[in-house]
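Dock chain B against the given chain A, drawing on the hints supplied.
These protein sequences, in sequence, are chains A and B. Counting in the numbering used here, the final residue of the first sequence is number 1699, and the numbers go up one at a time with none missing. Counting in the numbering used here, the final residue of the second sequence is number 1121, and the numbers go up one at a time with none missing.
To be clear, the hints were calculated from the coordinates, so they are not data collected in a lab. Certain hints may be false.
Ranges between beta-carbon positions, derived for each pair [claimed, not checked]:
#1 A:Leu1378 to B:Arg1050: 43 to 53 angstroms
#2 B:Pro773 to A:Phe1368: 41 to 51 angstroms
#3 B:Leu788 to A:Arg1441: 37 to 47 angstroms
#4 A:Gln1640 to B:Leu605: 43 to 53 angstroms
#5 B:Thr873 to A:Trp1427: 18 to 28 angstroms
#6 A:Ala1430 to B:Leu1048: 53 to 63 angstroms
The C-beta atom is built at its ideal place from N, Cα and C for all residues, glycine as well.
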Amino acid sequence: MSTIAFPYLLADKPETFFFPPKASTFAAENDFFYMALFYIALFFFLLIVVGMIVFVIKYRQRPGYEGDPRPLHNNALEITWTVIPTLIVCWIFARGVYGYMEMMRAPAETIDINVEARKWNWLFEYPNGARDPVLHIPNDKAIRLRMRSVDVLHCLYVPAFRCKTDVVPGRVTQLWFQPIREGTFDIFCAEYCGDQHSEMLTKVVVHSQEDYEAWLAEAVKPPIAPVAHGQWLYERMGCKSCHSLEPNKVVVGPSFNGSYGKSFRDSKGQDVSFDANYVRESVLAPQAVMRPEFVKASQMPSFQGKLKENEITAITAFLQALEDGNISDEEMNAVPAAESTENTTGEGETDSAAQAAEQVSGN
Amino acid sequence: MSAVAESPTHSHSQVTENYLFNTKGFLSWALTLDHKRIGLMYLVGVMSSFLVGGLLALLIRAELFTPGELFLNNKQFNQVFTLHGAVMVFLFIIPSVPAALGNFLVPVMLGAKDVAFPRLNLCSFYLWVGGAIFFLCALFYTGLDTGWTFYTPYSSSSEFGTMGPVVWATMGVFILGFSSIFTGLNFIVTINTMRPPGMAWFKMPLFLWATYSTSIIQVLATPVLGITVLLLAAERVLKIGIFDPHLNGDPVTYQHFFWFYSHPAVYIMILPGMGIISELMSVHSHKSIFGYRFIAYSSVAIAIFGFLVWGHHMFTAGMAEVTTVVFSALTFSVSIPSAIKVFNWLATMYKGTVYLNTPMCYALNFLFLFTIGGLTGLWLGALSTDRALHDTYFVVAHFHYVMMGGTLVAFVGGLFHWWPKMTGKMFNDLWGKISCLLVFIGFNMTFLPQFVLGSRGMPRRYARYLEEFQVLHQISTAGAFVLGAGLFVALGVLIHSLMRGRRAPNNPWGAATLEWQCTSPPPFYNFASAPSVTDPYDYLPLKYISEEEGWVYISPTKSTDPQAHPEIAKS
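Isolated chain A (complex conformation) (with noise of 0.2 angstroms):
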């Protein structure tokens, strides 16, 4: 598989044995109290092992030793080890509601970002519009991430941050966090979504101020010629869940390589044409022709005042552009979910400045 590393920061290494990078101000808490409990969990365990081992040395059959099979009880002891583990565990509880409690509570101010999760990428939507497969944040600011999901469950985990929600179908659930550190840090899925639930990977890249908002402000802009336009749309309207760059490959839907100027035969057994009024007519009401080969997948929703009429035109351009192999092979690999069959997510958008060294690694 090949994933997308970041060499000048590598980031997601393990810090410590246990533990991914401390990057939010849930991750102090977090780890602390994941050592407490384990310095617990450890004692009790000792406890255990030694006097099972201890006993069975002592106490093995074998010449010259009888045990007593006489009973034993003992409620003073009975007590002890259910008031002690009580005690203990109630500490557990409250710590643990302590902490929890403080993961519910967002400060009043925050920077909103919208997610929308689908099978199998995440798309940001940002205060000024911008919307980004990778989320881009600013360091030391609170941040809530306002979910949602147009198909199945997904979670949205950053070991990183120490957090997860997850994202349901019909309702719209809340997540914040605080970073503490720049860099970029793993976004993975966390709840089972289908077929391409593990490489449903993004990355979250926590910039300075600055670089934030230099960086708002550049990922607002569309590309102006319409080729780089449509692309821009492709990665960033979900088009590219289920229509892969790759000639042949299906992921669900068709892929958008080789079919611009082509005639198929579709579900109803007439002759079309492959051009611009039927990329028109897909964009808007996917279900009115089909292949007869996708009837039964066809989830796709209509984009109906999603897409405006020029960025319909843009993407029949790149359309038409991919199928002239106008394309070159350094455009292609900046789109994402198109390298591999491994990897459809998991890419870093070249928009930043901050990630010019970005390449693409792979085995």
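Using the frame of chain A, we list chain B on its own:
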């Protein structure tokens, strides 16, 4: 036969009749009403399921040896782990101890000749077979890849057909569940009505307490699955929005329904295992059980609390804060009875005579693994650490320590313990212990690294993973094969015992419960007349007789002379 009535320790040479061979032919097994034969057929069924589930587990671990694709693509990997989980949970662990060992043991431990409703018992077996076939067909036909939890809306999406595979899968679980309702009902009635004179509730072997508690859960929790199937079907057919967000339903509702059955089911899985360990620790330490009443009550407490903690599977699913906090508190409350049991088992060895034979080694293995499994529950019950650990490999490791290190190891230990009684054959103790050692090493090697994987952030149910997790995954995979080897050795030991084992004495371990007072294997009616009930953990009257290579119960001599007890004579 009157000799049998007088002396429960009659030599097996006097009785040639036994339940295995008293009648012959396929139909004599297929239509049998004998609880022992039904138990044995269940045993073959659950062991076959376990073999399938285990091989699937090895397939999963082998695929995870490398971060990329080795020999399964994503879809296949997802189907394999779904099948592994579903087969292991619904076809193996839930019926393993209650249906296989329980069916054999409950009547014999009560000194009865059969369960209360023998026909219902046979019906439950065929329901299990039918349910298993239906369930597997449903899984294969729909190519189910949802994980064993069948969460909607993924499992109800239209790409699997109009009803969605969740309806078929849940229905399969419900049919299987009905079989366990029948078993549970049978045990409840049997234990309530068929205890022999003198066996008060607190004179029952602890295995029966555990079985009784389990049966109550089976009878009360399983119907919820039926309701779930009904709601799922109603949603599909009548388009009433219950679980489906497109119809204004809520997927989290499905999770509530599912776990309202499946969490109590976790205790259906572990309680009988705990019952086995209570027997094994006492018998093989040759020491009366420490804190009998505490262990008995804690079984009931676990059964009751087990109904109230299902919400901890949904801590991150977007439940209300108050609900989450309440479920966390309830979850911790269930840890206390489990801790009480562990301490009492440990104390049972104190001043006893510990025989380190195969069943005892498995019992000690259980104690080690279950302690880890129980203690790691603390991280997941605590709300703040659960935010990080939920749905990671930490959870995978935790429940394998409880379910596999707990129930499976107890089941294998119990199987070795009662094997001489069930088959009339002894097994090779040395190789039994070797299998136990391999299981111990392999198990810890497989699942200890997964705790670290989880705390480092590796989510579960991933077909591919990042390279930084590779080393730990490889240790885990290697461990899984050692574990597999250990279990195959155990299987070999049992098969060898069937072919070549020497004849088992009536009481090879020196146990005081009633099942050891009949022959090995027992005759069709178990006991010619009701055996005399004694304290199930009183080992004083048992003496080892070397010619028999087993233990013999010598009735304590009671004085018939009133002068010996002047105070009784006076009153």
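Inset, instruction - Mind listing which of the numbered hints don't hold for this structure, in increasing order? - result: Of the numbered hints given earlier, the structure breaks none, since each of them holds.
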